[in-house]
Amino acid sequence: MATLTPYSNKSILILDDLPEMRSSLRSQVGSLGCERVAVSSNVKDALEQFKSNAFDVILCDYYLAGGTDGQQFLEFLRTRNIIGRGVLFVMITAEKNYESIVTAAECLPDDYLLKPFTADVLKMRLERLLEKKQRLARVDQLQDKGDWVGVIAACDVIIAAKDRYLVDAMRIKGNALLMAGQAVEAIDFYQQVLTMRPLPWAKLGLARALQKKGDATLSVAALSELIAESPRLMAAYDLLGKLHLELGNADAALATLDSARTISPNSLARHRAIASVAEVQGDFQRVEQALDQVVKKTRNSPLRETEDIARLGNALTEMGEPAKAVTLLEEARKNFKEDANNPLMAAVEAIAHQKAGNPEKAEAALERAMNGDLAKLPPAVVMTVAKACLSAGKQTAAQEIMKNLVQSNPESTGLHAQISTVLRDSGAGDVAETLVAESIREMIQLNNEAVVRARAGELALAAEMLTEAALRLPANMQVVSNAAAALLFDIWKNGLDPAKLGKAQMFQQAVMAQAPRHPKLAEIDELFSRIRSKYSPVQK
Amino acid sequence: MQFVDLAALTIHDVKNRLAILASRAETRGDGETVHDALTAAATLTQLLLFYKAEKGSLSVDIDARVPADLLEELAMEIGKQTALTVAVSVGEAPTLWFYDEALVRMVLLNAIYNALRHAVKTITLSAHVRDDCLEFTVQDDGSGYPPAMLEQPMAMRSLSREGTGLGLYLASKVAALHSNSGQEGSVELRNAQGAVFCLRLPK
Chain R
1122 MATLTPYSNK
1132 SILILDDLPE
1142 MRSSLRSQVG
1152 SLGCERVAVS
1162 SNVKDALEQF
1172 KSNAFDVILC
1182 DYYLAGGTDG
1192 QQFLEFLRTR
1202 NIIGRGVLFV
1212 MITAEKNYES
1222 IVTAAECLPD
1232 DYLLKPFTAD
1242 VLKMRLERLL
1252 EKKQRLARVD
1262 QLQDKGDWVG
1272 VIAACDVIIA
1282 AKDRYLVDAM
1292 RIKGNALLMA
1302 GQAVEAIDFY
1312 QQVLTMRPLP
1322 WAKLGLARAL
1332 QKKGDATLSV
1342 AALSELIAES
1352 PRLMAAYDLL
1362 GKLHLELGNA
1372 DAALATLDSA
1382 RTISPNSLAR
1392 HRAIASVAEV
1402 QGDFQRVEQA
1412 LDQVVKKTRN
1422 SPLRETEDIA
1432 RLGNALTEMG
1442 EPAKAVTLLE
1452 EARKNFKEDA
1462 NNPLMAAVEA
1472 IAHQKAGNPE
1482 KAEAALERAM
1492 NGDLAKLPPA
1502 VVMTVAKACL
1512 SAGKQTAAQE
1522 IMKNLVQSNP
1532 ESTGLHAQIS
1542 TVLRDSGAGD
1552 VAETLVAESI
1562 REMIQLNNEA
1572 VVRARAGELA
1582 LAAEMLTEAA
1592 LRLPANMQVV
1602 SNAAAALLFD
1612 IWKNGLDPAK
1622 LGKAQMFQQA
1632 VMAQAPRHPK
1642 LAEIDELFSR
1652 IRSKYSPVQK
Chain A
18 MQFVDLAALT
28 IHDVKNRLAI
38 LASRAETRGD
48 GETVHDALTA
58 AATLTQLLLF
68 YKAEKGSLSV
78 DIDARVPADL
88 LEELAMEIGK
98 QTALTVAVSV
108 GEAPTLWFYD
118 EALVRMVLLN
128 AIYNALRHAV
138 KTITLSAHVR
148 DDCLEFTVQD
158 DGSGYPPAML
168 EQPMAMRSLS
178 REGTGLGLYL
188 ASKVAALHSN
198 SGQEGSVELR
208 NAQGAVFCLR
218 LPK
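If you're matching them up, the sequences are chains R and A in order. Just add 1121 to wherever you are in the first sequence, counting from 1, and you've got our numbering. Just add 17 to wherever you are in the second sequence, counting from 1, and you've got our numbering.
Hints may contain errors.
Listed below are the simulated BS3-like cross-link pairs for lysine-lysine, each with C-alpha atoms no more than 30 Å apart in a straight line [to be verified]: (1) R:Lys1418 / R:Lys1217; (2) R:Lys1333 / R:Lys1458; (3) R:Lys1497 / R:Lys1455; (4) R:Lys1165 / R:Lys1417; (5) R:Lys1266 / R:Lys1334; (6) R:Lys1334 / R:Lys1217; (7) A:Lys72 / R:Lys1217; (8) R:Lys1254 / A:Lys72; (9) R:Lys1131 / A:Lys97; (10) R:Lys1244 / R:Lys1254; (11) A:Lys190 / R:Lys1217; (12) R:Lys1621 / R:Lys1172; (13) A:Lys138 / R:Lys1244; (14) R:Lys1482 / R:Lys1621; (15) R:Lys1172 / R:Lys1283; (16) R:Lys1458 / R:Lys1172; (17) A:Lys97 / R:Lys1217; (18) R:Lys1254 / A:Lys220; (19) R:Lys1455 / R:Lys1515; (20) A:Lys69 / R:Lys1418; (21) R:Lys1515 / R:Lys1266; (22) A:Lys97 / R:Lys1253; (23) R:Lys1217 / A:Lys220; (24) R:Lys1417 / R:Lys1217; (25) R:Lys1283 / A:Lys69; (26) A:Lys97 / R:Lys1244; (27) R:Lys1217 / A:Lys138; (28) R:Lys1253 / A:Lys220; (29) R:Lys1641 / R:Lys1333; (30) A:Lys220 / A:Lys190.
Think of the hints as simulated: they come from the structure by calculation, not from any bench.
Kindly generate the complete structure, drawing on both the sequences and the hints.
As structure tokens, this is what we get:
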């Protein structure tokens, strides 16, 4: 028999826009002995509740007032890491079949509860779901930490037990294999799952694994078959669209995403995906159409994304409507304080102002865009800041930013090509031909010189050079890991230095967080242990 | 707005009201009203599913499920609504099986509501594997299906013995949607010390 999970100590949030449903749910939950119950009528209020409370269980109605629904709310919570995987999210709906348009697995609710249901059924369901959370607690924690190798091991334990959580563990393990970069193992694993039963999530996993392994054509074939069988699996369209793009087939990508939108016309994610492809294609009319809907739908919702407004502003500017873009961006900046210093929005605003003939306002916006540390921003945002510099005639600043971009992302050939195109379009044809190659050459030279210095015994100098480069290019894992190794080698040879040791640890952690399977990590570990054994008396 | 969209919204609205009604009745221990509200809601669900089945857009979401959990949940839900005994036999149920829980629940619930009208003392819900198929059965201890009904081809039968036949039609559709690697899902009716409704879902 099932063991009873006491929920008197569980904290529960109820979210429903109908007052009668709220009080009905509240009394049902109350009859189970739950004392810590919060109730919200809308997403905004619910998000406020998260600021002061941590919830164990969320009971959310699918239909919510104010242009949003429970699925959008859940996606927002999960993608922003407002709730961990250990939090139970139950979607309450009248018709499961009517709404179950499946997005990514991590954005699925733990369960659907179909109205009407009795308090007894709610109780039984919650008990079983809480038991499951308990069984998967360790796996959930490791997933939240991004320790995918640990997740795989923890799942294997559950899989070996062959209990009722077998398939849950399999699903998580497949994803963990992919996240850990073990594409070949993932292919084997998913094929094994598929012999058990041709489940859509396993087919999608196999397609993802094939893509990661580099078999784009096989992956496209698998996805096309999957979409024919499970036309409501949105994640399949997203991946297929991405693959078409990778294969240079933007028209096919757009057609794929369009058919997904027909099936799920209310999904914000659909419109955003279409906008991304249209951006790559340079079809800004499509971008504008798609994002205009997203911005309108989320205008007064806490689920709004600053990025949507920035990208819409960019599309308007590209379409030759900079005045419209300025109005949109200024309004957003006035209404939402947190947007005021958003670098992407500020950069787009700078370009729009420049095109609209307000160079002074453009200057002010550009200053806001360059306020923070650009090295910490995603490449696409930094690229927009560089474009804003170019539009303001600041060639030197733009080229400096682009050089850093290339050196931070030495393997992103797509980004390199984009940089060359942007420079060429700005009229700097000669620089366009050389900037990428020069930047890469400079980085290789720096690395080589550090090696030469190190071999010559000038370990401190080598470490210093690489440290400086690592601080300038925090996204370049080769530079950052080399800096860590150089610092440690210097310490091992020349004596313990707390400042250097601290920096080496910081670099090591950065690599572990961004590239947990980086080959240099083993060498860094080895150096740490050598240092420990050499200086162990000092540490005591 | 098309009729079907309006109908879907209306059904949604009515279900919300029925949910509130059921919850209120449950609070005061009025099992009979809970039963009426839940059966009414189940009928609406079937209506919507029928429309989708006709349009060919009835889709399944098959995943690993625990048959014993489903039957225990149904037995508890129904047990509170009736003076009859609702027994569960899951000793031989597999730990996991693959099916769409929402659809299978709907089919079984309808079979149970039907059994409630004919049982004398007991309804037995069971899950077990036979010939590589999971069999969910709902058995009552009444007088059984009339022979004429068992002789009819499946498509013509009316599950409720006096109803529209919608329930059995949907049950067959749902069973068919669960076919896997050459094996068909199916519905069987038979008599054995009462009526036995059997939903067979292949491995």
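How the hints compare with the structure:
no.: 1; hint: R:Lys1418 / R:Lys1217; in the structure: holds, 24 Å
no.: 2; hint: R:Lys1333 / R:Lys1458; in the structure: violated, 40 Å
no.: 3; hint: R:Lys1497 / R:Lys1455; in the structure: holds, 25 Å
no.: 4; hint: R:Lys1165 / R:Lys1417; in the structure: holds, 17 Å
no.: 5; hint: R:Lys1266 / R:Lys1334; in the structure: holds, 25 Å
no.: 6; hint: R:Lys1334 / R:Lys1217; in the structure: violated, 35 Å
no.: 7; hint: A:Lys72 / R:Lys1217; in the structure: holds, 17 Å
no.: 8; hint: R:Lys1254 / A:Lys72; in the structure: violated, 39 Å
no.: 9; hint: R:Lys1131 / A:Lys97; in the structure: holds, 26 Å
no.: 10; hint: R:Lys1244 / R:Lys1254; in the structure: holds, 15 Å
no.: 11; hint: A:Lys190 / R:Lys1217; in the structure: holds, 17 Å
no.: 12; hint: R:Lys1621 / R:Lys1172; in the structure: violated, 38 Å
no.: 13; hint: A:Lys138 / R:Lys1244; in the structure: holds, 27 Å
no.: 14; hint: R:Lys1482 / R:Lys1621; in the structure: violated, 44 Å
no.: 15; hint: R:Lys1172 / R:Lys1283; in the structure: violated, 39 Å
no.: 16; hint: R:Lys1458 / R:Lys1172; in the structure: holds, 18 Å
no.: 17; hint: A:Lys97 / R:Lys1217; in the structure: holds, 24 Å
no.: 18; hint: R:Lys1254 / A:Lys220; in the structure: holds, 27 Å
no.: 19; hint: R:Lys1455 / R:Lys1515; in the structure: holds, 27 Å
no.: 20; hint: A:Lys69 / R:Lys1418; in the structure: holds, 28 Å
no.: 21; hint: R:Lys1515 / R:Lys1266; in the structure: violated, 42 Å
no.: 22; hint: A:Lys97 / R:Lys1253; in the structure: holds, 26 Å
no.: 23; hint: R:Lys1217 / A:Lys220; in the structure: holds, 23 Å
no.: 24; hint: R:Lys1417 / R:Lys1217; in the structure: holds, 27 Å
no.: 25; hint: R:Lys1283 / A:Lys69; in the structure: violated, 37 Å
no.: 26; hint: A:Lys97 / R:Lys1244; in the structure: holds, 14 Å
no.: 27; hint: R:Lys1217 / A:Lys138; in the structure: violated, 33 Å
no.: 28; hint: R:Lys1253 / A:Lys220; in the structure: holds, 24 Å
no.: 29; hint: R:Lys1641 / R:Lys1333; in the structure: holds, 22 Å
no.: 30; hint: A:Lys220 / A:Lys190; in the structure: holds, 17 Å
Violation of the numbered hints given earlier is confined to hints 2, 6, 8, 12, 14, 15, 21, 25, 27; the remaining hints are satisfied by the structure.
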